[in-house]
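Asker: So the chains spell out like this:
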Amino acid sequence: MIEPSGRSVRGLHHDVYVGFVMIVFCAVAFYVTTTFDSVPAMLSQNIPATFFPRLVLATITLLSVILIVSGLKRSAESLGSVPGSVFTTAAVITLAVFLVKPLGTLLTVGLLALTLTWLWGERQWSRIASLAIGLPAAIYLVFAIGLQVRFPRGVVMSLIGAGG
Amino acid sequence: MPGLEVALQVITDPYILGLIFVGTIGGVLVGALPGLSSSMATALLLPFSLYLEPIPAIALLASLYCAGTFGGSITAILINAPGAPPAAATAFDGYPLAQRGEAGRALGMAAVSSVAGGTFSVLVLLVAAPLLAQVAYSFGPAEYFALAVFGLSMLSSISGKGAVKNLIGGCLGLLIATIGVDLTTGVERFTFGLPQLYEGIHFIPVLIGLFAITELLSQAAKLRQHVEAIGVSALKLPSWADFRRVKYTVMRSCGIGTFIGILPAEGSTMAAMIGYNESKRWSKNPEEFGEGSIEGIAGPEAANNAATGGSLVPTLALGIPGSATAAVILGGLQVQGLRPGPYLFEQQPALLYGIFFSMLLANFLFLGFGLVGAKVFSRITQVPRALLWPTVFTLCFVGAYGLEQSMTDVYVMLAAGLVGFVLKRYGFAPAPIIMGLVLGELTENSLAQAMIIFDQQWTGFLGRPIAMTFFGLALLSVFVAPIRQLLSRRARATQA
Numbered sequence: 000m001i002e003p004s005g006r007s008v009r010g011l012h013h014d015v016y017v018g019f020v021m022i023v024f025c026a027v028a029f030y031v032t033t034t035f036d037s038v039p040a041m042l043s044q045n046i047p048a049t050f051f052p053r054l055v056l057a058t059i060t061l062l063s064v065i066l067i068v069s070g071l072k073r074s075a076e077s078l079g080s081v082p083g084s085v086f087t088t089a090a091v092i093t094l095a096v097f098l099v100k101p102l103g104t105l106l107t108v109g110l111l112a113l114t115l116t117w118l119w120g121e122r123q124w125s126r127i128a129s130l131a132i133g134l135p136a137a138i139y140l141v142f143a144i145g146l147q148v149r150f151p152r153g154v155v156m157s158l159i160g161a162g163g
Numbered sequence: 000m001p002g003l004e005v006a007l008q009v010i011t012d013p014y015i016l017g018l019i020f021v022g023t024i025g026g027v028l029v030g031a032l033p034g035l036s037s038s039m040a041t042a043l044l045l046p047f048s049l050y051l052e053p054i055p056a057i058a059l060l061a062s063l064y065c066a067g068t069f070g071g072s073i074t075a076i077l078i079n080a081p082g083a084p085p086a087a088a089t090a091f092d093g094y095p096l097a098q099r100g101e102a103g104r105a106l107g108m109a110a111v112s113s114v115a116g117g118t119f120s121v122l123v124l125l126v127a128a129p130l131l132a133q134v135a136y137s138f139g140p141a142e143y144f145a146l147a148v149f150g151l152s153m154l155s156s157i158s159g160k161g162a163v164k165n166l167i168g169g170c171l172g173l174l175i176a177t178i179g180v181d182l183t184t185g186v187e188r189f190t191f192g193l194p195q196l197y198e199g200i201h202f203i204p205v206l207i208g209l210f211a212i213t214e215l216l217s218q219a220a221k222l223r224q225h226v227e228a229i230g231v232s233a234l235k236l237p238s239w240a241d242f243r244r245v246k247y248t249v250m251r252s253c254g255i256g257t258f259i260g261i262l263p264a265e266g267s268t269m270a271a272m273i274g275y276n277e278s279k280r281w282s283k284n285p286e287e288f289g290e291g292s293i294e295g296i297a298g299p300e301a302a303n304n305a306a307t308g309g310s311l312v313p314t315l316a317l318g319i320p321g322s323a324t325a326a327v328i329l330g331g332l333q334v335q336g337l338r339p340g341p342y343l344f345e346q347q348p349a350l351l352y353g354i355f356f357s358m359l360l361a362n363f364l365f366l367g368f369g370l371v372g373a374k375v376f377s378r379i380t381q382v383p384r385a386l387l388w389p390t391v392f393t394l395c396f397v398g399a400y401g402l403e404q405s406m407t408d409v410y411v412m413l414a415a416g417l418v419g420f421v422l423k424r425y426g427f428a429p430a431p432i433i434m435g436l437v438l439g440e441l442t443e444n445s446l447a448q449a450m451i452i453f454d455q456q457w458t459g460f461l462g463r464p465i466a467m468t469f470f471g472l473a474l475l476s477v478f479v480a481p482i483r484q485l486l487s488r489r490a491r492a493t494q495a
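For the protein sequence lines, the chains are A and B, in the order given. According to numbering that gives the first Met the number 0, the residues represented by the first sequence are 0 to 163, in order. According to numbering that gives the first Met the number 0, the residues represented by the second sequence are 0 to 495, in order.
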């Protein structure tokens, strides 16, 4: 069920959690800076490679503390649940990106157009088919031919000897 | 005027005129489509503009920026859904006017006011940018660092759900900019041994991810929403009575919008809101605001378009973006190998005039499109989202990939989009992250150089009055709003 956004709920304000997550992120990133190679002070002119990232991390930590403190003064509110369509869309586009190498760009774009339009509620097959064919065709003509962009052909397209 | 002649030759080239025409139509279209903003459109167009020479590329982006800011008003008036955030204030009075059957009058006023604001700000850009650039000749690393800090501090007052989150967003952008091999020491930072990250994270994929993919996912959350469109029966120019009524409103908003635009990081959205509030404050009929006041359209529309030219003043003169879209254009200049600042005007005088003429032309072109084609543009809102957004995603993919023809950039774009969506849900706007990313190199390099000059003593900044002024302004911009809130809370408590 979608909760109305901004509704008061029990617990702490989400800014408190966000602040803590930021601090944990900064701690991890700070640890990563300790793994940077060190170079002689002469070479770095006494400004080591860790200097600026650590300064930024310290600033984010300070701001996160302010966020937590201000969040503690506020009552909790619900952000509402994320609709399932967001997750499916995110999954489809992620899958599409990782399918480009095996399937090739044009086939992937066609499949993506087919899947996403259907998932987003389009039920007229003429429209879906037009986009699924027209979009890869336009990409091929404008970018592959016109602008000479060399898109990944993909294993499948290479096997069948098609362009892509 | 050096460069003026060259710029005139360039800008009268049919090829560039064609690009400006395309940029203007594209801008009005994307501006009209809810969810597609001029920031996002320029981000999407940026990789393709790299195939062009600098002046045509920037002319295309600048015309898209101007027209996109106006385009948002079409849907704000017709369906009460601003096509872009700067048009949000226009909907307050534009939609009630449309409901009364006066959509044409409202659109006409929006177009005319936008042109007035845009033209005024472009003239200011032409005069102010070179003057500001002259001042920047006296800047050293300390001043540039302080200026970057001031620019970042201004993030505390831009759109988004909180000043602190905007500042954190800016810092996250700075942190992303540190990824890759440090040019001074040759040390790898946050690369995790991945050779693809040695050169750092490219700006464009992050930009596309944060603006476009994040918006795609936001749109996926609104699939059940249905909007009622109001038809435009006839479009007409505002009457002379309307012009007489709004002339001071437009003049005031031109000044407000340009000034807000010049302030680093502030953009059209804030300009429009202030323009609207001031129009109401100075109006003889404030009670009409919210019910369909013609001044309520003229004020924000003149202001948001005035901010476009204004925002390019610090962008071109100092390399500090005046708005999110200006940050994209700044990124475009950098990718083209141009370094904004005083030397840009010395080495590329034609570029400034090129931008000036293209924005001026775009303003008059969208006046024509706005008046003649509003009926057609209003139909763009009827393009099914299910067809529009897969197309946008494909353009995102091509844009991110086309830059270096590398899948790594596509993965970066996807990651930026997914993370951007989560951040947006918790109140972090994408614009501050982009600002931080764009300013990252300037901030780090100028700080490092200043610290070397000051022999690693922070107190060295105390002897630099310009730098200290910027630090003072930065403190003001961060603390003025909380102090004002505290004072008003106390005043309320005292009254109670």
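A hint or two may mislead.
To be verified - Just the calculated beta-carbon pair ranges, DEER-fashion: (1) 17/B to 30/A: 50 to 60 Å; (2) 20/B to 133/A: 18 to 28 Å; (3) 492/B to 64/A: 21 to 31 Å; (4) 64/A to 276/B: 27 to 37 Å.
Stated by the list, open to error - Residues from chain B shown here face chain A by an in silico Cβ test under 10 Å; the list is partial: (5) 223; (6) 439; (7) 487.
By construction, these hints were calculated from the structure, which means they are not laboratory data. Yeah, the Cβ is synthetic: ideal placement off N, Cα and C, and Gly gets one too.
Asker: Does residue 223/B meet its interface restraint, that is, does its C-beta lie within less than 10 Å of any C-beta in chain A?
Answerer: Check passed: Cβ of residue 223/B comes within 8 Å of chain A, closer than 10 Å.
Asker: Using the beta carbons of residue 20/B and residue 133/A, state whether their distance is inside 18 to 28 Å or not.
Answerer: holds (24 Å)
Asker: So, as I understand it, the hint says residue 487/B touches chain A; can you test that by seeing if any CB pair is closer than 10 Å?
Answerer: At about 16 Å, which exceeds the 10 Å cut-off, the nearest Cβ of chain A leaves the hint on residue 487/B violated.
Asker: Starting from the hint 27 to 37 Å, judge whether the C-beta atoms of residue 64/A and residue 276/B obey it.
Answerer: holds (33 Å)
Asker: How does the Cβ-Cβ distance of residue 492/B and residue 64/A compare with 21 to 31 Å: does it lie in that range?
Answerer: holds (26 Å)
Asker: 50 to 60 Å was suggested as the range; check whether the CB atoms of residue 17/B and residue 30/A agree with it.
Answerer: Roughly 54 Å apart at Cβ, these two residues keep to the hinted range, so it holds.
Asker: Does the nearest C-beta of chain A fall within a distance shorter than 10 Å of the C-beta of residue 439/B?
Answerer: This hint holds: residue 439/B lies near chain A, its Cβ roughly 9 Å from the closest one there, short of 10 Å.
Hint check: a violation occurs at hint 7 only; the rest are consistent with the structure.
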